[in-house]
Amino acid sequence: MTTTPVLEAVDETLETQSRPPLNVIYEWLTTVDHKKIGLMYIVYALIFLVIAGFEAILMRIQLAIPNNHFVSPQVFNQLFTMHGTTMVFFMGMPILFGMGNYLVPLMIGARDMAFPRLNAFSFWISAFAGLLLYFSYIGGSGLYAAGSAPDVGWFAYAPLTSKVFSPGHSTDYWTLAVFLSGVGSIGTALNIVTTILCMRCKGMKMSRMPLLPWLYLVMSGIVFVAVSPLTAAQIMLTLDRYLGAHFFDTQAGGSAILWMHFFWIFGHPEVYVLVLPAFAFANEIIPVFSRKAMFGYPAMVAASVSIGFISLSVWAHHMFTAGLGPAGNTFFVFATMVISVPTGIKIFNWLATIWGGKIIFAVPMMFMIGFLFQFLIAGLTGIMLAAAPFNWQLSASYFVVAHFHYVLVGAIVFSLFGAFYFWYPKVTGRMMSETLGKWHFWLFLIGFHLTFDFMHVPGILGMPRRIYTYEAGRGWDTLNLIVGIGAIFQAAGTIVLVYNMIYSYFKGKEAGHDPWDAWTLEWSVPSPPPSYNFAIEPTVSSRRPLWDLKHPEDPDSDYE
Amino acid sequence: MMTTVTTASRIPIDGPIETPWKLPYRGTVGMACLIIAESAIFIIFVVAYIYYIGKSLSGPTPAQVLELPIFGTICLLSSSIFVHFAVSNLRKDNLRGCTLNLAATVLLGTIFLATTAREWYHLIHDEGLTIKTNLFGTTYYSLVGLHATHVVVGLIMLSLTLGLSLTGHVKEEHSEKLEVLSLYWHFVDAVWVVVFLVVYVLGR
Chain A
1 MTTTPVLEAV DETLETQSRP PLNVIYEWLT TVDHKKIGLM YIVYALIFLV IAGFEAILMR
61 IQLAIPNNHF VSPQVFNQLF TMHGTTMVFF MGMPILFGMG NYLVPLMIGA RDMAFPRLNA
121 FSFWISAFAG LLLYFSYIGG SGLYAAGSAP DVGWFAYAPL TSKVFSPGHS TDYWTLAVFL
181 SGVGSIGTAL NIVTTILCMR CKGMKMSRMP LLPWLYLVMS GIVFVAVSPL TAAQIMLTLD
241 RYLGAHFFDT QAGGSAILWM HFFWIFGHPE VYVLVLPAFA FANEIIPVFS RKAMFGYPAM
301 VAASVSIGFI SLSVWAHHMF TAGLGPAGNT FFVFATMVIS VPTGIKIFNW LATIWGGKII
361 FAVPMMFMIG FLFQFLIAGL TGIMLAAAPF NWQLSASYFV VAHFHYVLVG AIVFSLFGAF
421 YFWYPKVTGR MMSETLGKWH FWLFLIGFHL TFDFMHVPGI LGMPRRIYTY EAGRGWDTLN
481 LIVGIGAIFQ AAGTIVLVYN MIYSYFKGKE AGHDPWDAWT LEWSVPSPPP SYNFAIEPTV
541 SSRRPLWDLK HPEDPDSDYE
Chain B
1 MMTTVTTASR IPIDGPIETP WKLPYRGTVG MACLIIAESA IFIIFVVAYI YYIGKSLSGP
61 TPAQVLELPI FGTICLLSSS IFVHFAVSNL RKDNLRGCTL NLAATVLLGT IFLATTAREW
121 YHLIHDEGLT IKTNLFGTTY YSLVGLHATH VVVGLIMLSL TLGLSLTGHV KEEHSEKLEV
181 LSLYWHFVDA VWVVVFLVVY VLGR
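Which chain is which? The protein sequence lines are A and B, in order. Mapping the first sequence onto the working numbering, position 475 (from 1) lands on 475, and the numbers just tick up by one. Mapping the second sequence onto the working numbering, position 96 (from 1) lands on 96, and the numbers just tick up by one.
FYI, nobody ran anything at the bench for these hints, they're computed from the structure.
What the simulated footprint calls covered on chain A by chain B, stretch by stretch (three residues with Cβ under 8 Å from a Cβ of chain B suffice, anywhere in the stretch; the number is not a length): (1) 180-190; (2) 198-206; (3) 236-247; (4) 255-264.
With a cut-off of at most 30 Å between alpha-carbon atoms, the simulated DSBU-like pairs for lysine-lysine come out as follows: (5) A:LYS205 x B:LYS177; (6) A:LYS205 x A:LYS550; (7) A:LYS36 x B:LYS22.
Since this is a predicted model, take the numbers as computed values, not measurements. By construction, the Cβ of each residue, glycine as well, lies at the ideal position given by its N, Cα and C atoms.
Same shape as in the complex, but just chain B (with noise of 0.2 Å):
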């Protein structure tokens, strides 16, 4: 490292302040870019899906196996419900609340995970289905595929929270932050209607 040569640093310190100066919390602009990023993964995934609908050479077709999630979709969307409360319960300091609302946002996450994962058994097993099938086997299960993985990402740092939680380690300060883990959550959510709309109505 060379040496610096010691320099006064002239910082203007008191001009006009434009009061109150605030600006947006970086956790919630953060979490925004990450959704407007993710959204246009799954945008490509989606128009793959769309774009390949009806031209598999080989079956099975999915109006011979699909069959609507309709269980694991009131599990999953309900559950952005919970997670809402959640936050609004760390807000008002009711830390009891938010932990039940949190475990209720895991179990209900957790059943949905386990619906999709008792189609993907039927749906190899029995159907004899996999990505290396056809056109709808490959969009099919890379686009359920990484709404899945995205729930297993965001079950994690759910469980995470729900132990800090339990252990008493979440207070009300860490509203805001919890927030921004909500945001994941309802975008979570809503790429499953989209999800839903295309593979199991549009599609079938």
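Excised from the complex, chain A in its bound form (with noise of 0.2 Å):
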């Protein structure tokens, strides 16, 4: 094999002219450049965050001493509905796709998505969504009775949604809102899709694709065939509400399980929704500060696919204590214990991975350790869940909540802020503080322990999730009292995270274009990248094209 020559393109950034501030404004709301798309998706994200972060907040402060009132039970209900849907719809999947947006088109060698301007119609469209549902604290009841927030629970199970237990348009808000984030959502995924399949450049086969792609790809199958029925139950319930149809109207004959249904084949799927995307980052991190090529490509390929799969036939575990039946219970424990086996093998080949390798604790390695740990407890809490005797035990417990606030935070959001540490140097050309990374790290790693370890224990001591306070004396005082502690810890963890991100922008040092010495296409470009990522498209012969580059004496495509 010859050598790959190599082009030396000077690149002229159009961003060293100064510009007058509302013409940058003016840009980026019109931008439908990825990059820009996608760092707008996560700066939107963030503000939800800590929006959310806030409420979870509140509620702690509520939870923290028996018989507290420092909240009303309106309040309270209307604060979980809000971090609900706010941490799902508002920050989980608009930062997840912040992420594809910025990072797929780099990673397969493209110049842009396969739609720049459907790309900014779902962005925009989302935040819309966003604002909406906010603006339902001041429009809820009409303009003048503020605090009208929705109060259904972001499950919004029926009949609680009907006109008769919700009066008001707060509902409706929320209605919308989910609505309009699924069409965004739909819209995005749609054009992950086209652009991994139809814009990967030259010699990029799909058996040579980073891993990464290879994720989103599954992860946007699943939100074509999961969102939507959420969006068509949405349509549904705003029938029911506006024009008096009886999809959930038990007085007419209607059923409210039919709309557990529903909302939970939206519901389950979407936790590999979220989960996706953060092994993906997993999947480029672990091997490069492993200092090793990914073990078992092909089968974390096919553990992924498998997932998409089996995912879309579990959602009935959240329901075993509906009354399903007995051979419905067992067909959903079954299903819901055979997704382990995937999940299982993803987890041996990022340990395989790690083996032998020379590994650099590096801060985003450190967040993924923290996430492969917790990663292992939050499926052994699932499968715990995942046995209906077991389940009709602690079904609504603070149990469940604890389980699933592994998953979504010990899981995805470590994950993700591994994944900010990672690529922030690409984005901005800066490195980030590695000391204030380990402050977050750290406060992080035991603010999430304090609050969740903690928090499976009321719930096995039989405290129910939803109540806005308790009776002193039944031993959840001293534990709601460490998961408030908890919470705090990882407030101030997120504080430290937002104050490095704005201060290494300015003062980090340079970072240059490989800084982590690693091997997909997006090192291969200046950083931050300029607006057409690649001055002459690339052509790629190996799954580590970077390492090929770098290695001319023992490349890769020599083993393909």
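Reconstruct the complex from the two isolated chains, following the hints.
The following block contains the structure:
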């Protein structure tokens, strides 16, 4: 094989010219560049992270001591509704779509997404949906009745959402916001799939594509078949509330269980929509900081695809206590147990990648180690809850809350933070501070374990979720106080992260185009990448194109 | 904006190339994705329809009021053939044939929509069945209405294309794009087959 010639393209960034600020704002508002849209997604999601985190803190203050009257029951209902809805639809999905928007075209050697204007549309409609949800705080019962946010829970079980139990417009704001966010998600997913299938650079066969685009492909596939049912269910709910239809109206023969089915057909695959990108970050970061190629690439792809399929047949494990009958319960217990097989394959492959590697404990890798451990524990409590008899005992208790926060925070947010530290140099051209990063890691790790390890216990002791206060002397008080203190540690860690991001943008040390000595295509372009990404579209001949370039004596392409 | 440092980008430009390097057309892939997502929406409405068959607490029942919309169905299904001919004519650079077939598609689609409108008028005014009346009304109007909405969207896009075609803006090189539109129209037709079977055959 001949050695690969290298193109030395000089990057003339337009950003160097100083422009009036209005032009810059106009440019961001009208941009169709995938990197700018990705960044806008991330910034908007971070704003909602702070808002929803603040709501969580308020709830933990309320629950920290027994018989507390810090907030009223109505306000508490609004807080957990808004916290859940915001975290899933306006923090989790947008931030992961933002990362995907930024990284997928760069990693597959494309200049932009397949449909740049659809991309901008998807972003703005999602952003509008978020504003609409929070507008309900002032507009839910008319402009003059402030403080009437949705209070039906993020699951919005029927018949709680009917006009009788939920008068005013707060539920309509919730429905419309979730509907519009669904439209945006489907648009982005469509864009990601099309980009991956149609825009890969020369030589990047599907079997050579980095694992991050692969997982985004699977994740987008789940979005089509999981978010669409939610969209359909929102249409039905709106018809019920506005035109007097009877889909979920039990007085006219409608079924409340049907809403549960429709909601969880979305709700459970949604977990995989959120966790697959987290896996994707782990797949890119762990090999680089272990200085080894990813172990078992084909197995990782196969496991991800099978997770995608199995995830569609597990939704009713959220409904064991609704009375589906033994046959239904058995099927969903089995399906839920089966999904742990591909997930186990993934964990073992990550461990095999680390095994015998020259491990570098930089901040991104520390977050990945945290991710691995916490994801394992989350999976174990997941298997516990998948057993129907155990689930009957602990359904709607704080054990469940602790379990899914272990997945959402312990796995997804940790992986996401690792990804922030890993790709920040690419996005801004500057490194993030390692010292502040370690502060962030330890504060967040301690806070996380204080909160969610201890949260399992009141659940086992019988504390139900969604209660706004409780009597003293049931053995829940100290535990809830510890949980509350942990939440404050997590908030402190997040503040350190935000400070670090702002500080490093101005004062961080120059990163250069490849600070981590990595091997995927995004590290071949300058940091930050120019608006066209690649001066000349690249050609790849292996899974690690930059490795081949840096090690012409031992390229990967010889082994494929 | 901060000043960016000029860096050399090091991109391999000449690896061994698998020739020919051909990827699918993004319009087709995008439309396929949209169709998957839309199918999921329709499945939910169909499931709700099937689940609520015979569960209405009051009349009228489907057997009392529904008639088989044979004429409309024939019109809609045959329009799919015409849009297919429009694409193949355009591919062969037969612009006139393309325009005529597009016109036939739009005409047949509009006739279908008119039969649906007539049916709804009959149901609302003569039978007193609205979305509020009972579960049958709820599921019937939402499922058939969702399909009709898709017909309207398709007709708008087809009419725009027909307008462009009449003014001579549609050329052979657009055949791939017209094919994407025809995929959507075929999808709308396929959904009607399901709706027809569920609502008018199974539901009665």
